[in-house]
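From just these sequences and the hints, can you work out the full model?
Given next are the chains, with one letter for each unit.
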Amino acid sequence: MEWQEVLLKLIKNKISLFGIGIIIFFVIISISAPWLAPPADPDDPYMIPRAGWSIQPKPPSEDHIFGTSEGQYDIFYGIIWGARTAFRVGLIVVGISTLIGILIGTIAGFYGGVIDEILMRITDVFLSMPFLVAAIVLTTILGKGLDNVMIALVTFGWMGTARLMRSQVLEIKAEEFIQAAEALGANDIRIIMKHVILNTIFPVVINASMRMGSIVITASSLSFLGVGAPTGYADWGQMISFSRNWILGSQGNALQFWYTVLIPGLAITFFCLSWNLVGDAFRDILDPKLQN
Amino acid sequence: MIILSKEKLIDVKDLATYFHTEEGTVKAVDGVSFEIYPGETLGVVGESGCGKSVTSLSIMRLIESPPGKIEKGEIIFNNKDLTKSTQKDMRKIRGNDISMIFQEPMTSLNPVYTVGDQIMEAILIHKDVNKKQARQEAIDMLTKVGIPLPEQRVDEYPHQLSGGMRQRVMIAMALSCDPQLLIADEPTTALDVTIQAQILELMNGLKDQFGMAIMMITHDLGVIAEVSDRVAVMYAGKIVEYTDVETLYANPKHPYTWGLMHSIPHIEKDVDRLQAIPGSVPNPLDFPQGCKYNTRCPFATDKCREIEPEIEEIEEGHQVACWHVDKLEEAKAKEEKEKE
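Protein chains in written order, with our numbering: chain A, 36 to 327; chain B, 909 to 1248.
Simulated from the structure, these hints should not be mistaken for lab results. Where hints are given, some of them may not hold.
As the list claims (entries may be wrong) - Here are the simulated lysine-lysine pairs, DSSO-like style, with alpha carbons at most 30 angstroms apart: (1) A/Lys229 x B/Lys992; (2) A/Lys229 x B/Lys980; (3) A/Lys208 x B/Lys977; (4) B/Lys1052 x A/Lys229; (5) B/Lys1035 x A/Lys229; (6) B/Lys1000 x B/Lys980; (7) B/Lys980 x A/Lys208.
To be verified - Covered by chain A, according to a simulated footprint, are these stretches of chain B (three or more residues, beta-carbon under 8 angstroms): (8) 968-974; (9) 1005-1014; (10) 1027-1038.
From a predicted model like this one, the values you see are computed outputs, not experimental measurements. C-beta: ideal position from N, C-alpha, C; glycine also.
Rendered as structure tokens:
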């Protein structure tokens, strides 16, 4: 199937159109962040400005339309700039880990034998470690900060793609057109780049799209657990961690601080949902078994 | 028969390709010798699993290794032994000097590229041309293999073409760099009979036009009769009979060839039952001792079960690997008598 055809079907599909709509919405927010929420310090726009030092969150007001969270961090500002953080973490982590996965999976599947054995055992070793725990440990070793979170997520995030790619390559490698290309005198690199990867890449793309959302959630969890972004950094996960003590309001008014949880929660939910919708639609379009 | 120049194009000497599997060693090709002269068609015929395809893949050095390995023998092509060439040198030869057409036109083309892209691939690998020139050459090749509207077809995807069309595209790909030898591995097996005839006719025409030699691998004796100059009959990894096509059909000397001839229905002969060769091809992991055909051969004696016959020239240009050529002659004579 051609790219144009796939794109056209993605746009025609209502569910994926909804997903694409949300993604575009977040993209617009990220791009126009400096105008929507002008930073106090242009050199360090990711630090959320504080409206005071009081611990108790304050409800939405004219100055702070989404209210302020624990420590008087402006929720609106955090959401706007947090969208940038979400894209950055998602794209970089998914991009790099997918590339590593494609590389390892393709080499293992294409060459087979001892190379396959070695690469797949390394993959197994990485898979045997629980993802979140391993990521937390590595981030702790490397030190707090978003860059280190991303390194940890990449380090423990490529194995699924590698396995998926390997199984795809094994399937395609047996096709006669690969042998035909060899018989034409094509070298390995040409065969891999031209004939193998293009025939195997779609499931990996779907997988990557699905992972965009979950990686952002994982990064948020790390921030929530306190090993992620530095305090005050515009990150949705951190904003939820600010609301940790305020999930239940005071006696008789349980929903008193609803805005501290709900608003960052919705942002994460919609971001994650949008990528999953696109990934789902992608799979429906490309998987011939699900058609008709 | 066309006059052959004395210079051999390719000379395969005592080629043996084994597959070392976990169950044991499969001697897929075991001591095969033949030669192909420029401009001729050599037919290689035999049942499934007799080593025809492995022979051709050995020449191309496309045997998957491991488990496959060329154990011994020489493949002399242009004064070079291909069994000793590096893969790098082989890549220059593949598609350029020796090309190959595969059996399944449905799966031999990459579904994600246009046919033009795929024909251009060989041209871009081996010739020093830019994309535009390569595209023009691809269109010319499509014209030569008889595809109508080549300018339009060049941008179409394989799934938009019929089986016969795709096989023509495969031929165009194989011939795009003007090879000296074309190996056709059952090129018409997947096609229906009328298309088969067209493709064979096309290949014969292109052979004269390009002046190349063809190694035609098939299990179809009809195809062999139509296109070949000389024929090698293979059984269980060995050539059992090797001669020119007229002699083979008029006077088969090996019981296996004779059995094959008897198992073809003839339109002019009215027989109730076709004679089939009893039994089946022996398991390559467990070949019988002696002549590998002895389990199915009506003339087999103790000698056949103990010592394997070597292929020998019994008449000029007619090689047979059998201990009892005389017994077959008796049987043929008896058959003639019965007819009268």
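Problem - Residues of the segment 1005-1014 of chain B with Cβ under 8 angstroms from chain A, three needed, outcome - result: holds (count 5)
Exercise for the section: Take a quick look at whether B/Lys1052 and A/Lys229 sit within 30 angstroms of each other, Cα to Cα. Expected result: holds (26 angstroms)
Handout entry: Restraint check for B/Lys1000 with B/Lys980, where alpha carbons must lie at most 30 angstroms apart
Key = holds (23 angstroms)
Practice task
Take the C-alpha atoms of A/Lys208 and B/Lys977, compute the straight-line distance between them, and say whether it is at most 30 angstroms.
Solution key: holds (20 angstroms)
Exercise for the section: Decide if the proposed pair is consistent with the structure: A/Lys229 and B/Lys992, CA atoms, cutoff 30 angstroms inclusive. Expected result: Within the cut-off at roughly 29 angstroms; holds.
Practice task
Verify the coverage statement for the segment 1027-1038 of chain B against chain A, using a C-beta to C-beta distance below 8 angstroms and requiring 3 or more qualifying residues.
Solution key: holds (count 4)
Problem - Within 8 angstroms of chain A (C-beta), three or more residues of the segment 968-974 of chain B - result: As far as the segment 968-974 of chain B goes, the hint holds, because 3 residues have Cβ atoms under 8 angstroms from chain A.
Problem - Restraint status (C-alpha distance of B/Lys1035 to A/Lys229 at most 30 angstroms) - result: holds (19 angstroms)
Practice task
Assess, step by step, whether the Cα of A/Lys229 is no farther than 30 angstroms from the Cα of B/Lys980, and give holds or violated.
Solution key: Status violated; Cα separation ~34 angstroms.
Problem - Given hint A/Lys208 paired with B/Lys980 - CA-CA distance at most 30 angstroms - result: holds (28 angstroms)
Figure legend: structure checked against the earlier numbered hints; the only hint not met is number 2.
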